[in-house]
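Chemist: Below are the chains, spelled out letter by letter.
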Amino acid sequence: MLVSLNWLKNYVDIGKISPEQLAEKVTKSGIEVESVEYIAEKSENVVVGYVQSCEQHPNADKLNLCQVDTGEDTLQIICGAPNIAQGQKVAVAKPGAVLPGNFKIKKVKLRGVESNGMICSLQELGIEEKYVPKDAADGIFVFPDDVTVGESVEPLLNLNDAVLEFELTPNRADCLSMLGVSYEVAALLDQPLQLPSEEVISTEESAEDYINVEIEAKDLNPYYGAFVIKDIEIKDSPLWMKNHLIAAGIRPINNVVDITNFVMLEYGQPLHAFDYDQLESDKIVVRRAAKGETLVTLDEQERTLSEDHLVITNGKKPIALAGVMGGVDTEVNEQTTTVLLEAAYFVSSTVRKAVKDTGLRSESSTRFEKGIDPNRVREAGLRACQLLTQYAGGKVLSNVVESDELDRTEKEIKLVTQEVNKRLGTAVTAEDIATIFRKLRFDYEQNQDEFTVYAPTRRGDITIFEDLLEEIARIYGYDNLPFTLPEGASHAGALTETQQLKRDVKRYLQSAGLMETITYSLTSSSKIDQLISPEIQALDPKPVALSMPMSEDHKYLRLSILPELLTTISYNQARNQTDLFYFELGKIFVSKEEIVTSQPSEQLRVSGALSGKWLDHPWQQEKKEVDFYVVKGIIEGLCDYLKLPVSFKKASIPHTHPGRSAAIIINGKEIGFLGQVHPALQKQNGLKDTYVFDVNMEEVIAEHNAVPSYSQIPKYPSVTRDIAFIMDKQIPAGDVKQTIVDLGAPLVKQVDIFDVYQGENIGGDKKSVAYSLVYQDPEKTLTDEEVEASYTNILNSVNEKYNAFVRS
Amino acid sequence: MKEQLEAIKQEALGRIVSAEELKELQDIKVAYLGKKGSLTTVLRGMGKLSKEERPVVGELANQVRESITSALEEKGQKLEELELEKQLEEEAIDVTLPGRPVSVGGEHLLTKIVEEIEDLFIGMGYEVREGPEVETDYYNFEALNLPKGHPARDMQDTFYVTNELLMRTHTSPVQARTMKQFDGDQSVKMICPGKVYRRDTDDATHSHQFTQIEGLYVGKDVRMSDLKGTLDQFAKKMFGEDREIRLRPSFFPFTEPSVEMDISCKVCNGHGCSVCKGTGWIEILGAGMVHPNVLEMAGYDPKVYTGFAFGMGPERIAMLKYGVNDIRQFYTNDKRFLKQYHNA
Ligand SMILES: [Zn+2]
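Which chain is which? The protein sequence lines are A and B, in order.
Count along the first sequence starting at 1, add 322, and that's the number in this note's numbering.
Count along the second sequence starting at 1, add 1, and that's the number in this note's numbering.
It is worth saying that the hints were derived from the structure and are not from the lab.
Don't be surprised by glycine CBs; every beta carbon is placed ideally from N, CA and C.
Any given hint might turn out to be false.
Said to hold, decoys possible - DSS-like, lysine-lysine: derived pairs with alpha carbons at most 27 Å apart:
| no. | chain 1 | residue 1 | chain 2 | residue 2 |
| --- | --- | --- | --- | --- |
| 1 | A | K1102 | A | K1037 |
| 2 | B | K340 | A | K744 |
| 3 | A | K613 | B | K149 |
| 4 | A | K1088 | A | K971 |
| 5 | A | K935 | B | K340 |
| 6 | A | K824 | B | K340 |
What the hints assert, rightly or not - A few chain B residues that don't get close to chain A, going by computed Cβ distances all over 10 Å:
| no. | residue |
| --- | --- |
| 7 | E4 |
| 8 | A8 |
| 9 | Q27 |
| 10 | S51 |
| 11 | V58 |
| 12 | L80 |
| 13 | R244 |
Unchecked claim - Taking beta-carbon pairs under 8 Å as the criterion, some of the chain B residues facing chain A (in silico):
| no. | residue |
| --- | --- |
| 14 | S104 |
| 15 | F211 |
| 16 | Y218 |
| 17 | V260 |
| 18 | Q330 |
| 19 | F331 |
| 20 | D335 |
Construct the entire structure; sequences and hints are all you get.
Modeler: The following block contains the structure:
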């Protein structure tokens, strides 16, 4: 809402307060003032001039040579505007004048003839093009006859006005009107309020003879008032009204349109003027639209309507979409002489629906949507009639034709001073509260500390005690509220075990060299089925899509963190950032429903993507690209850190390298995977070799909590034995290791692989894998015989099972 | 014989002084003190001496042996030291060559801020609560006093999944869920951080996904001044002890009264500058007293229980605290951006 201070001054005396100070006061007490703008930069030496004569310039076809009386003297001015004419009163910038943009006016010679000043357009005086009336847009501005020659144009054109832009929250729809703003400002400045008169002189003739109002949908339209005004003369509206409209951001059109707009801004009540002679009937019927019914609106668009919409009809066909826009057939035009003025109350839900369906949003629909004051509907109609009499020569017929079931009662709210203090933490007196209600102009009854407040209908937001609490607090001033802390019992706060574990996992990965990232949860149709962990894929998840996405890139709820993580890797690689070791802890969204009806299951996962040189220390010949084992080491380290027994199994996972991926298993349960991104997918994403991992954090949390307490540190010495097997290249070394672990139990406590060798001397299809076994007995010192027996058993069994021989 | 011993001593000591290697000392030791050494040889001739002379010469011979031995030891130590020095000199390295790099990762700036705020409120006795990102219309809106058709729903343009399911537009539904869980009979003191979503086109100041942290305190006799005091403590700890706060009335459907909290601008100390758009104040968060409808819907009697709630955006705080000027930076994860804030 744009609030012109010159307009505001008609209702409330704002004294000497500067626009900026007022803005600060309004902001602090509840309505944010977004900006303070001035209509135009200061102009000097621009006055009203009378064009005594206007002839063609002797040396130029398109220029006119004018003699202009400026009161003090007559100036010869050359003017190129097409609409200049003898007899006009115009804005003259005299030599020495400074126009906006620091444009200095000097005496000049144009094509050999002297010009002593400039005749100005509104744009040249600093008014924004979009607010300039159409007839003055391409030329100079012509004043009405009643202005005085020599008068300064600055006040005449309201150029000195300051405009405050109110950023209104949805509850403060009352300030979508100058009167509402005036109540607010009057309360803040504790000043009296001067309300406009709605007095109308009407004719003998009754409107009832012209129009009949019938409301079929009283639930959506509890009040409809039809005013008939005859003998209308369509012309310009008065300059002051144009000025106010321009300041409020509305372009003046003609007197009838301007008056309906002016009253809408003044009262917050949208009005609509129909050309009575185009009505083709003598009745107004308001009803729900029939499905498929059409209406050509003022913007000459055909609108198809439904039962959700409310229409104004002439009994046969729609002539307006209630509260939104009128029809083109009944539009007021140059020839209009009789106006049917509508002042109605349409409930916000129907207008909101119509706006949503048609995409038409206007100053008028906005006000209906946010809710209007039931006590200003008829009043606004009367105010418009009064102005139409004054400025359009109209004759208002007596007896407004109404359908009226509007509830205008004021809400009664009880309030006790002690409760106010208890809630706010203040120590205000009943007197303080009474003063605040008086400033706000709320009616109330007071019985010592008890109040009954009648919330004015203009403040539709005030319905309960807490609303009054806010009014008291904001007028009392939040700065005056004390600083206290809650007095109730206090408990120690702490993270839950799960929350702590999540932080621990992040810390581990960070110290392992990974950077935390946060990517988008919403992904594209091409990425939605990429790199889904096998245990999730086994659930046969159905991607969940947004019903109205903003873009194709962010349409589906992710089933894996990895695709978006790969996007960030390729983003960085495209910018020459190498050595990227990224992880993210976040949710995926799993639903098994073909058509979603319930919330998808949200699963916390930790995923990583690594690409580039894991170690780069060239002068000592140490250099290592990220590979499968780097990532595996990170996972092993994580599981070790969390005391989780982990194993890995070769797995075939879509979108990963078929020979370089594995499932991650904890306690026999698959909880994720790791591997190299499939070279085809790498190529498609412009990625260098990238390795990924993806772990189900929910399982990690569950398994972590199941871990028993730590066992005793062993007292007896351990024995280490090494053993190297030559076996077929295809046999997974880990399988053999598992066999050794199983065979060695319970004495073998640890088995590590410490060497892997391939070479011609052992045969091209063979490899040698060396294992180191740690024997230990928690109860006693091991004997050589015990170790030897176990060792021999392992040798023989592995030999039998894998056809593996001990390397000598 | 005395002269002989004296001569041996002088000769031996002379050779020891001029010795340059440990091996030489060994030779000297053998040459004088060995079985066939000159001192030994002389001593063998002791038998020929008179009874009177024998102890005197014996005494002298011992002195000579001792002085040679100690001179050998002393010189030996010296030569060893020299040798070690030489060896160490040979072992010297070029300390200006680069070290072996240790690669450490780091946390995302948003995590840093979220955890900082979490820890701050945990210190004030709050617990951390989480909830689903795909919410029901009920918990995201209705339970928060935003019934269907409420005009304020427009304030939060929503990604709907179905008519009843949506991407949560704020973390407030976690508050509603927690209160409901407590069954109207327990005070609540919680904060809820998390991802939220709005139907926005991504640009420098808008992101369709962003982060929010909200707090809730419900108890008996909770006052608005308690909200002011709590926010003041938070602001001072988060932004500096010399920051001041101010509350301005605002509107949120789930609180009444509602306020916005500003802190005094650190750049200009409240005098007005371009960062605070000349006002001296910077908007940090929204807050208010929990609306009685919200309490009631969660099963709390608003006549007995009151409370306050507040909510803020870690992105905004990061932008203010660290000068990040494009919200998309948080989600594109440019390595150069991420690295800047590690251990910041
Ligand atoms: Zn500042």
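Chemist: If a hint holds in the structure, say so; if it doesn't, say that too.
Modeler: Cross-check of the supplied hints:
1. A/K1102 with A/K1037: 8 Å, holds
2. B/K340 with A/K744: Between B/K340 and A/K744 the Cα gap is close to 50 Å, so the pair fails against 27 Å, i.e. violated.
3. A/K613 with B/K149: Roughly 23 Å between the alpha carbons, so the hint for A/K613 and B/K149 holds.
4. A/K1088 with A/K971: 21 Å, holds
5. A/K935 with B/K340: 17 Å, holds
6. A/K824 with B/K340: 21 Å, holds
7. E4: With a cut-off of 10 Å, B/E4 remains clear of chain A, as the shortest Cβ separation is near 66 Å.
8. A8: 60 Å, holds
9. Q27: 41 Å, holds
10. S51: 69 Å, holds
11. V58: Given that every Cβ of chain A is farther than 10 Å from that of B/V58, nearest at about 62 Å, it holds.
12. L80: Consistent with the label, B/L80 stays out of reach of chain A, its closest Cβ about 35 Å off (over 10 Å).
13. R244: 13 Å, holds
14. S104: With a closest approach of 4 Å, the B/S104 hint holds.
15. F211: 10 Å, violated
16. Y218: Nearest chain A Cβ about 6 Å off; hint holds.
17. V260: 6 Å, holds
18. Q330: This interface hint is violated because 11 Å lies over the 8 Å limit.
19. F331: 6 Å, holds
20. D335: 6 Å, holds
Of the numbered hints listed earlier, those contradicted by the structure are 2, 15, 18.
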